[in-house]
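Taken in sequence, the protein lines are chains A and B.
So the first sequence is numbered by the numbering used here: it starts at 1 and just counts up by one.
So the second sequence is numbered by the numbering used here: it starts at 1 and just counts up by one.
Please keep in mind that the hints were generated in silico from the structure rather than gathered at the bench.
For glycine and all other residues, C-beta sits at the position ideal for the given N, C-alpha and C.
Do not rely on the hints blindly, as some may be mistaken.
Unchecked claim - Distance windows between CB atoms, simulated:
id	chain 1	residue 1	chain 2	residue 2	range
1	A	Arg228	B	Cys52	31 to 37 Å
2	B	Glu60	A	Thr220	40 to 46 Å
3	A	Leu222	B	Val30	30 to 36 Å
4	B	Ile176	A	Val51	57 to 63 Å
5	A	Arg228	B	Lys73	39 to 45 Å
6	B	Ser42	A	Ile268	44 to 50 Å
7	B	Glu60	A	Leu271	54 to 60 Å
8	A	Ser36	B	Ile258	57 to 63 Å
9	B	Asp189	A	Gly164	45 to 51 Å
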Amino acid sequence: MSCFFRWLSLTFCGFFPSVVFASEVSQIHETMAISSSLSFVALAIFAIAFVLIIFEPFEKSVIALMGGILMILTGVLTAQEAIAVIEFETILLLLGMMLLVHMASESGILSWLNVRIAEFTRGSPLAIFLLFSVITGVFSAFLDNVTTVILIVPLTIELLRGMGRDPKPYIFAEIIFSNIGGALTLVGDPPNIIIGGATGFSFLDFVLNLWIPISLTAVTFLAIMLFRKRKDFKSLSGSLIELHLAALLIEKIKHKFLKTTLHRGFVINVLIILSLTILGFFLQEVIHIPAFVMAFTGAVLLAIVSSRQIDIHHAFGSVEWSTLFFFAGLFIMVGAVEKTGILDVLSDWMVNSTDNLLYLALLILWISGIVSMILDNIPFVTVMIPVIFGIQTQMPGVDTEILWWSLSLGACLGGNGTLVGASANVVAGNLAQKHGVKVTFLEYTKFALPFTILSLVICSGYLYFVV
Amino acid sequence: MVNDVDRLSKLLRELEADTGTSSTCNTVLVTLQKAMDRLQVSDGEAFYAELCKLTQILSETKPQFGILKYYFKKLKADCHRVKEDEDWREKVHQALADLHENARSQRERLLQNATSIEVKNKTILIHDHSHTVHDVLIAFKRAHKKFNVIIAEQDVEKTNQNIEVLHAAEIPFQVIPDYMLSHIQANVDMVFFGGLTLKDSMNFVMDPGTYGVISQFQTMKIPVYMFMNTAKFSLWKSKPRGEIFFHAHKRSHHAKAIEYDRIKYSHDRVPANLFHKIITNKGPLTPTQLKKTFEVLYKAAA
């Protein structure tokens with residue numbers, strides 16, 4: 001089923017623009033820095049790589065790197081140009097956060113916190129739903145959402161299954177909140193890291209501009225779930241059996257998930273350094289230190305002060321190098337496509353179709369939202385960066401910053417729509433399967449798609465009032 | 001959805017496998033207290049009705065825990081007496097506290113009876129992760145008795161628990177895989193075990209793998225001791241092998257394309273007459289004395 005949707009989106013996203021732009025390409029290239037034959041080579045490499053990334057016959061980082069290398073070998077870009085177009089700030093921010101989050105996880109504090117929250121719920125289904133969803137959102141905003149679901153989903157399954165309940169609605173809520181939370185901050189989701197790297201928006205810029213639609217989306221989701229599942233959230237306080245079983249279950253979970261004794265010094269170091277790093281993000285504009293420097297400072301400091309507890313080689317090994325190489329290859333490919341001028345054509349077309357900023361913002365929101373539901377949002381966002389820059393150039397004197405927030409909201413929240421819409425969704429689905437909870441593509445889509453569309457409507461409303 | 005009996009059975013089995021019988025029973029009492037505090041009922045009658053439902057479910061779990069049946073029977077009797085009182089909650093709290101105290105004092109009596117074993121300069125072998133055995137060893141250590149321990153290595157988690165407890169108590173120990181004990185059996189002076197329960201068939205239900213170890217040392221005429229409170233006895237007519245569960249799953253050979261079934265059993269059943277002495281809260285008993293004691297308790301419980 002996911003293959004079908006991928007083909008459908010490919011047709012929608014690939015065919016229509018190609019027909020519109022094909023006639024423009026040769027005219028444009030009379031004036032561009034590269035010949036039209038090289039432009040076609042660049043577009044062909046990009047298109048083939050894009051299709052391969054969608055269907056993943058092999059690891060997508062290899063596909064992206066191959067695409068990047070081909071751009072150099074075919075002469076579309078020189079090696080120096082290729083290096084220049086790689087957004088190293090973005091890659092280094094990702095790397096720094098990966099190291100920091102891994103080392104923080106090693107302390108056991110995140111698992112400990114999850115178990116304590118489970119204990120606090122005392123087995124109440126309503127408390128489990130609310131607390132675990134919100135915690136997932138908060139963790140995803142400041143750590144990465146894949147790590148968050150890896151920590152929370154197994155515990156959720158253990159808790160709900162032990163209570164004789166279906167864990168799926170809770171897992172789905174956590175998936176949705178991982179994307180909602182991740183959308184709020186610069187470091188919460190890769191699309192935001194890419195946007196922040198390209199535009200120079202600070203951590204606080206993201207929070208101040210996105211907290212309203214994100215909060216509205218979160219509250220709306222909680223309200224809908226509380227209404228739909230109100231029978232499931234009935235209190236246990238009238239049944240000694242249920243209360244006792246819940247209390248026993250929590251004791252069992254404490255024993256299972258808290259096997260390792262927390263090292264006090266290590267935990268203190270983690271808490272202090274994580275807090276300082278997050279504070280540093282908030283004060284980015286005041287202290288004028290790029291986010292990636294702060295992330296690296298936090299990671300290196302933690303590695304030094306907790307050198308006895310941390311195996312640094314293991315920490316380096318835990319970094320998702322494939323993700324970083326995927327970004328690098330993607331930046332080179334998009335840089336090459338940008339050089340062809342096709343993205344300027346796209347920007348022109350968008351600006352010429354309307355000079356209404358609200359319409360442009362809504363167009364970007366909904367296209368990025370729909371694309372993100374089915375495809376990997378990272379290549380899409382990477383392509384849209386120069387397009388939006390192009391639009392901004394075409395609209396001097398107009399405050400077009402809202403277009404970036406539209407892209408961020410669409411790309412991040414759109415990922416909630418299907419089980420393949422975001423990495424956290426895929427990881428959560430696989431984890432659930434591993435723990436004996438089968439989650440199908442259709443099942444999740446039926447649950448999440450209506451809400452995702454509603455969240456895009458909420459964001460549209462926000463844009464309407466802001467523009 | 002899974003029913004309450006299955007849920008409770010699974011929880012108790014998993015807790016017992018991870019933490020041992022005594023610890024599981026303690027956890028059940030502690031969590032019952034917490035549940036009681038959160039329960040919203042109109043009066044003592046309503047609470048008694050809820051307790052009866054819980055006791056009924058407990059009586060149907062697989063396996064059945066003799067010690068839990070014993071505790072809940074006492075608690076039910078106490079609650080029945082006070083259910084119409086105004087201060088029924090306080091009285092039930094007190095009844096639970098009395099159960100805890102009862103468990104504690106039974107344990108103390110068992111530890112006192114254990115001191116009848118001479119362990120000075122002896123080598124003691126342990127295999128399962130019985131908390132009762134841990135308490136006995138710690139009691140010996142506190143009484144400044146010099147001895148050392150060999151841990152027969154089995155399931156990783158259980159062995160690690162033994163290691164952690166002995167390390168924390170500063171008891172000198174070595175670890176030897178349980179399939180290599182023939183090399184050191186001549187150096188072992190005595191073997192200590194705990195268990196889940198004693199059935200009316202006069203078989204102890206114990207950790208898997210213990211039957212082999214016990215048989216090995218029994219043939220060498222090395223004394224094998226069991227430590228178990230009489231509260232743990234299953235004082236009812238039991239089904240044969242009712243407490244044994246097995247789990248089968250498919251595995252693949254790590255290097256060749258070979259698939260096979262791997263089957264694990266939850267417990268061993270070990271005849272009581274393989275033990276030199278059974279140390280209980282009622283004193284150290286030989287297997288013959290144990291049988292008589294069991295029969296008396298069985299008749300009283302009927």
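How the hints compare with the structure:
{"no.": "1", "hint": "A:Arg228 x B:Cys52: 31 to 37 Å", "in the structure": "holds, 35 Å"}
{"no.": "2", "hint": "B:Glu60 x A:Thr220: 40 to 46 Å", "in the structure": "holds, 45 Å"}
{"no.": "3", "hint": "A:Leu222 x B:Val30: 30 to 36 Å", "in the structure": "holds, 33 Å"}
{"no.": "4", "hint": "B:Ile176 x A:Val51: 57 to 63 Å", "in the structure": "holds, 60 Å"}
{"no.": "5", "hint": "A:Arg228 x B:Lys73: 39 to 45 Å", "in the structure": "holds, 44 Å"}
{"no.": "6", "hint": "B:Ser42 x A:Ile268: 44 to 50 Å", "in the structure": "holds, 48 Å"}
{"no.": "7", "hint": "B:Glu60 x A:Leu271: 54 to 60 Å", "in the structure": "violated, 46 Å"}
{"no.": "8", "hint": "A:Ser36 x B:Ile258: 57 to 63 Å", "in the structure": "holds, 59 Å"}
{"no.": "9", "hint": "B:Asp189 x A:Gly164: 45 to 51 Å", "in the structure": "holds, 49 Å"}
Consistency note: the structure conflicts with earlier hint 7 alone.
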